[in-house]
Each structure stands twice: as C-alpha cells, then as structure tokens.
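Q: Given only the sequences and the hints, what does the whole structure look like? Please build it.
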Amino acid sequence: MEKIVQLSSTNLDQLEQREPSTERMKRLKDRCRWKSIMGGEYIDPDTKAGMERMQILTKAYKENEGQPEVIKRAKFLELSGREHTCIIQDEEILVGYHAENPDWVCLYPEMGYNATIDMIESDLMDEEYKDEAREIAEWWKPRNLQGKCEPYFKKEELEVGYTYTTMEPFPFALVYMSMNVPYKTLFEDGLENRIQICQEKIDNAFAEHLHTDVNRPYDGVKVGEQLHKIDNWRAFIIAAKGIIIWSRRYARLARIIADHFDVPDWRREELKKMADVCENCMAKPARGFWDAMQAKYFAWMLGHSYERYASGYAHLEDNILWPYYNKSVYYKDPEQPLTKEQCLELLEEERLKVSERGIAKGRTYRQAMPGANDLHIITIGGVDEEDRDMCNELTDLILEATLNMCTPEPSFGFRWHPNCNLKTKRLVFECIRRGFGFPAIFNHNIKKWQLEYYFNVPREEAARWALQLCMSPGRSGRYGTQKTRTQGGGHHYVTTKCLEIALSDGFDHSYTRKQIGPKTGDPAKFKSIEEIWDAYVTQCRYACRLHTRARDITRYMEARYLQSPFVSILDDACVEKGLDGMEDMDYPNPWCNIMHNSDIPDSFAAMEKLIFEEKKYSMEDLVKALRANWSGYEEMRRDFLAAPKWGNDDEYVDKWMRRFFETNYQLTHEELTFIDGGKPLPLPQTVSLYASMAPFIGALPYGRRHGEVLGDGGISPYVGMDKKGPTAVLKSVSKVDHRKTKGVQLNQRLSHQIMRSEKGFQMWLSYMEAWWNLNIDHVQFNVFNVEDLKAAQKEPEKYEDLIVRIAGYSARFISLPKIAQDAVIARTEQELGA
Amino acid sequence: MVTCAECKSYFPIPESADDYKKGKGDCVREEKDQKGKYWLSKSVMGDMSADNCSYFSKKLTI
Amino acid sequence: MTVCGDCAFFMVEPADPMYGVCSVEAKEVKGEEAASGQDLFTIKGSRVGRRDDTCDKFKSKKELSREERLRRSY
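Chains as they are written, first to last, in the numbering used here: chain S, 1 to 834; chain L, 1 to 62; chain Y, 1 to 74.
Be a bit skeptical, because a hint or two may be false.
[Said to hold, decoys possible] Straight-line C-alpha distance at most 27 Å; calculated DSS-like pairs for lysine-lysine:
#1 S/K29 <-> L/K35
#2 Y/K30 <-> S/K790
#3 S/K284 <-> L/K42
[Unchecked claim] Covered stretches of chain S, as calculated for chain Y (at least 3 residues, CB under 8 Å):
#4 15 to 22
#5 116 to 130
It should be emphasised that the hints constitute simulated quantities derived from the structure, not laboratory data.
Source: prediction; values computed, not measured.
Using N, Cα and C, we set each Cβ at its ideal position, and we do this for glycine too.
A: Structure, rendered in structure tokens:
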C-alpha cells in the first residue's frame, strides 16, 4: 500500500514520498548487493570473478570431446544443472544466481580471450585463482569466438579493430551480446512439453527419413538434412533437462533451509511455497503469477548470464504476465492465489534482483555504461493491432513498484500512443518527474510500422514489439525473437573520429598516432565543403564496412561454436526448423549504431560559415588549430563555437543533420547486406559513450577540445548548445525522417520546478502531444535540481537514491565517474511552455 | 578419515530427484557477511574426504 | 622497474588489456573554457602500452584511493 511520508530537506518534498511496500522489501533494499560499475570497474570491492562457470564449462567440453559443438554446449548446461552452486538469500522470494557467491560474477572464456584475460589479471580475481584461470583462458584461446574469427582479418585490421576509434571494437573481442528470451513459451508450455515436442521431432525424423524400410525409397538428401537438426533437437533436450534439474535443486535447497535451519515460522512457510514454485515453474506451464515471475527470472538469469552472456531484459512485461496476474488475483479458486499486494512485492523484488546481477561483460561496455551493471530495459504499454489500449492493471502495478523501490534498474520503455489511458500516463509522469529518467518514451506507431515495412513482421506481432536493448524494437512472442546481438545490432561506427581523421588524411594524431583509415587527401588543400564531406563519408564507409565484416564473421562463428540450446528450445521457429537460435537466419532485425551525432552538423555548419562563406579562416588554419587542440587559437575557437548549432530550429545547421541522417541511411541500409540477408537501419544513439569516448577523440571543428564530452544521445543537441527552448529542439528533430532509422535517441532535460508543480502533468502532456504530432521517434527525460547533483558530488553518501538518465539507461548519480556527472549537470534545462 | 556424509551439512539427494545418484548429496551451508545471510548448496559425493574441509562439523547421531 | 600499467593514471583500454589510456592530462575545465559553457571534467587520453617505461609524471596506484581513481576515470 502507498505510504505518504513527509520529507524535509530536498526539493522533492512537494511530491508524495514513496517507499517499498513492505518492511521486508525495505530490508532487502538496504542490504542490496549492488553491482554498479564506474570507470570499467565494480564499485563494490567485494565483487570478484568466480571460477565455477569456467571450470564446469571446460570440464564439459573436455569430457565431450568429439561431440557436435551444440551437444557440448548442452552438456555444459546439463552438468551445470547438476553441479553449479545454488544460492538462496535470506528473505528473498525470487531465487537464482549465476555465480558461486552472491557478490561474484562469472567469466565467459568461450566468448573472447582479451576480455577474459583482462578480468583475470585485474583486481577482480583473487590471486589464489589466477593460475588456474589463466590456464583455462589459454585452453579456450583457439577455441573461443575471438580465436575463431581472428584468422579472417589482416594484422592491420585487427589493430584498428581492437582499439575504440572509428568503430566499436570487433564484436568477437567485446564479450557483449544481447538477446530476447521467449518467456511466453516457457509460461504457456513448460520445458517438459518442449522436451516432448523435440523428442517427437527426432522420432519423426527417424521414422520418415532415417529408416531401413525396404518398401519406401531412400532419399539421401533428406537424410543429410536431418542430421544437423537431430543434433540440435537432442541438444535442446539435454539442456532443458539440465535446467529442470537446476530449478529443482533450488526447490530442494528451499526445503532444506525450511526443515533444518533456524528461520522464523512465517519464513519457513514461505520457503515451502518457494520450493513448490521452483519445483514446477521451469518444468510445467505457469499456474499463476509467482510461477511466471520465478520462471522468467530463472530464464533470464540462465539465458543472459549463464548459457552465455547477453545484455538486456527484453520483453513486453505487462502483456505476457497479465494472464498469470489475472489468474492469481482475480480467478475464482485459482491454482496459485495471490493478492495484489503480494504481486506488488514480487515486482519490487524483481527490481532488486536485477540490481544485484553482476555481469563480467567486456571492458568496452563496462565503460560505456557507468553507474549501472548492464542495460536492463523492459517494455510496457502501447496499443494492439486495432489501436486498443494494452495498458492494464499490471502496467500500473509495475510502475508503482518502480516508484516504491527507486532503483535505476530495470529501466522501462513506454510504448506511447494517444489511446493509452491517462492513469497509466500519470504514473509514467510520476517516475519521470522524480528524476528516474525512465520510462523512456517510444512512438508506438513508428516502431510498429518499421517492423512491418522493413522486416515483414506480421501486423499482430508488430503491434507487440518490445525493445531488444535500449532503443530498437523487435519481435517479442514465441517465434523468431532475436537471439544474439549480431542478429540485430552489434555494429557501430564513430562519426566524430571519422571526421577527425578525414581532416588528417586518415591518420590519428590525437590518440593512437597511427594510420587508421584510408588516405582521403591533405585537408589543408580542400577547396570546398563538399570535399570535406566526401572525405568524411569515405572514412565512415571504411569503418562501416570493416566493422560489418567483423560483425558478420562473428555471427557465422556464433552459429557454429556459441549455440544457445536452452533459449532455442523456447522458440517455436527453432524447434520447428531444428535450428539453434544463433544459426536461424530467417528473422533479421538489424541496425547500425551511429555514435556522436550533433558533432557532425555543428562541425560542418561552422566550417561552411567561417571558411567557405565568410572566408575568415582557411582550411590550413583549421588543420593547424585542430592539431594544436585549439591551444594558441582561442579567438578562432570562440568563432567556431559561436557558429550556428543544432537544436535551435535553424535551417543553416539543420540541413546538415538531415544530410547526415540521409548519408547514414545510404551507408547502412542501401549499401550493406548482412550475412543473414538483413539490411540494417541506422540507429543514432550513444549510451554513455559521449563521455567515455572523450579520451579517444581529438579536437573537432565546432570548437570542442580533445577530452571534452561529445554529442549526447542520437539527435540531442550538444550540451549547452540548445538555447531556444524545447519547441525549437523538437522542431529541429522533426526535420529528419525518423522512419529511415531503427530509432533516434533524444535526451531532454525539463524544468524540475515545472515538472514537480501542480501544473506539471498537464504541461508535460502538452509537450508529449507536440512530440507525437511532429512524428518523433523517441524522447527520454532528465528532471533534476542541479544543486542536488552538485551537493551529491560533494557528499555522495547522502544521495544514494538520486537517479539520473544517461542515454538509453539510468544510473545512480553517485556511481558515475566525474566526466559523466558533469555532462549530465551540463544538459540544458528546458522550460515547458517555452 | 572423515567423509562428507558424516557432516551436518550433508543432505542425501532423495531417490525421486532428477539428479539422484547413489551416494550423492547436497552440501548446504549457511553463510553470513555484512550484507546478510544466505545459504549455499553444492553437490558432493558422500564418500569424499572431508579431512581438509574447514566447514566440516560432525553430524550428531542418536 | 615500474611500467605504465602500475601508474595511477593508467586506464585499461576497452578491448585490449595490453594497452591503456594515459589520463595524466585529465582535469577540470571552467565553463568559460569548455565548449558547453559549463564546468566539465575532461580526459585528454593518449595510448600507452601496459609495459611501457614510465615517464616523469608517474604516480603509483597506491597514492590514490580506489574511489579517486575510479571517479577520475571514464
């Protein structure tokens, strides 16, 4: 139940205060084992790298030498089911963890050598384990994804691909992936039914094709087609049985604690119920909301943190859980009766379990997401294929849990449509105005249309899209969901670095001091803005193509060596076709992230004005100034800073953004075909890379110095450059065609005084109406009092619950490095009604 | 030599369990750190030596 | 003998642990100097090898607390 408590000292005291709905949730939040990251390192020094997953993985592979790769993957899960440590924490209701200690993380040696050895050699691993860990990493070196992909690149290509300059490091070196687990299948069928289906497929294959019936013809082609499928179906069965064992070991543990350890009576009874849930929830269809929540949590933990590593928490939560919530709370004589309050408590606890997820992804993305532990974004809201409101009581309860718990994870994406009801929108607003930065708002119609038009997703399915990570929509049901990042994203190039080296003939003066791109000419001799543009586009094209090859080869090898039999058995397409999710190429959903965006139109507008129109400076002057990092060129820098800037509804610079978007569409969708036949769409966004890439990008023509933050979001104005109010920003943003993207990330900071006033909701609704009418893809909000943030920098211990939006995710402000904190503070506060 | 099966923390796996194996059990320990209490379960064979296990505590038999 | 990897200013590179970003030039920049017009922390990085010889700006990791090192990182 809602508790209203008057707070005394913060500027949030106009708002009703929220807290966890039960004393138990308060205690769990107080002792939460946060796994936030800062500067690529885990903030809590108790976070360590464990050995168990690596040991079991390696043992399973060695014991099954000679077996098909997918069988080895399945045997790993089977052995894990039998041997991996189970952990139940005091008072928790949802159980499950993927390492042998609740403060630890596990490593993925099969996914990449560089990332694995980085962690082993760091403070993350205790000395006593390092020798064995090194041995395991070396054993995996030729066998892992990186080892399989490297032979297809020249040495100089690997040198570029292992730095973070013009492109994201090659995906096979990153240890960063994503996926969308088909939870719906698990709830509706249960693993035992899935096992039976697979067994029937195998039996049928033998009966139809692998037979010795002398009365029927022998068709060797059909025989050949079945062998690989049979291997996959067998692997699915082995993996699923292993997972059932794992969940039932949790059931046993709960019973042992209840029967043999000193726990309060209420907890004893609860542990027995938890045992019943764990006994059934993976094996059988969900009986109610508790089964569904526990099954979802187990499947997420296993699919995203154990079978392999994958970022995200993709699903349309209110939609897929609604039937089970409805059963538990409203059915007469339900199998699993629960009150609304008990469901609320489960949703609250989910937030803590997600916050406790420690994940040893590669350093690139640990640095890209400071203040959080990963991208955990759930999708809610929207309308169906007949435009009927899909928000339900569960949508509201999810938002209530969010308000109560005040954690940055999981974040939410809200599928906005005018037909979504006002009560839910009010709750969305309450989250935003408290500064959470989420739900981020997505234009439901644009996203739905995109899936139908570009990716041939049927209408009903397209209406039920869910975010795959932070920005991109995808399928979310039982069929054809995204199984790996290289099926969707896994691809990006860095526009700012491409521009920097276009202005130095492909040579990186500021960071690597090497030739990292093609020679595109001496920029001091460029005679027109078009020559600069052509050189810039050539650098982008080179980076884009090289990275595309890396991405496609990664996908090719994932399909052969990094299968996911557990997640695959949950996908109807995989089971029907006998294909692992990594190799099923029938459902491409690709995009290409475009990093740092406002920097490009701002740079070109400045160069056009000052060099080619006013002729106040020459190209030679600019090249020297950039090489000197503007030092000694202060007056010139001021002129370039004063040139027109994006986000002010100024056609002089807005035309460059339009051209930038069109060019990205050409470079990606028109010029590329991925290995699965998919044609990617550009997706301008940055997560925290506008801050974490600052050290790698040299001085730029709009006046930025090497080391300063870069352009925010995907289409957001550079911090502090949007000076004409929120409507001007929206008008600028609406000038590009959002339908030619997979998404366009827009960060806006709104006045905390207005948002937290009585008129705040109405004013925000008016803003949202303007946003919708301008056909804009996305928007997410910062709402904060800058004095709070500056105080938090000085006394972080007093501001533990202060959450801010980064870009694509939210984070605890005190867990951010200073460069990211300052960049958030610097965002222009827009006055609503301006 | 003391074995795991003689320890208070050892719980034989029931025959009805999917992972039942004769002589196999769960080693269940309660741990506590500054963040709270938790219980761990690891699979062990009852006849494993527990001579070097710092958690070993003999089961009382009546 | 100390190497760059031992230095408080060494930040491991994202994708290759044998290299790092030297952040010795990280600093606060006042609003009038920053492109954004607001006070900002900046990190001008240069690439170094983990086993490169140290320079005269070397500072042992032990001289900064862990939190200080993380806070001034990226």
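Q: All hints, please: hold or fail.
A: Tested hints:
1. S/K29 <-> L/K35: Satisfied, since the Cα-Cα distance of roughly 10 Å is no more than 27 Å.
2. Y/K30 <-> S/K790: holds (15 Å)
3. S/K284 <-> L/K42: Judged against 27 Å, a Cα distance of about 25 Å means the pair holds.
4. 15 to 22: violated (count 0)
5. 116 to 130: Result for this restraint: holds, n = 4.
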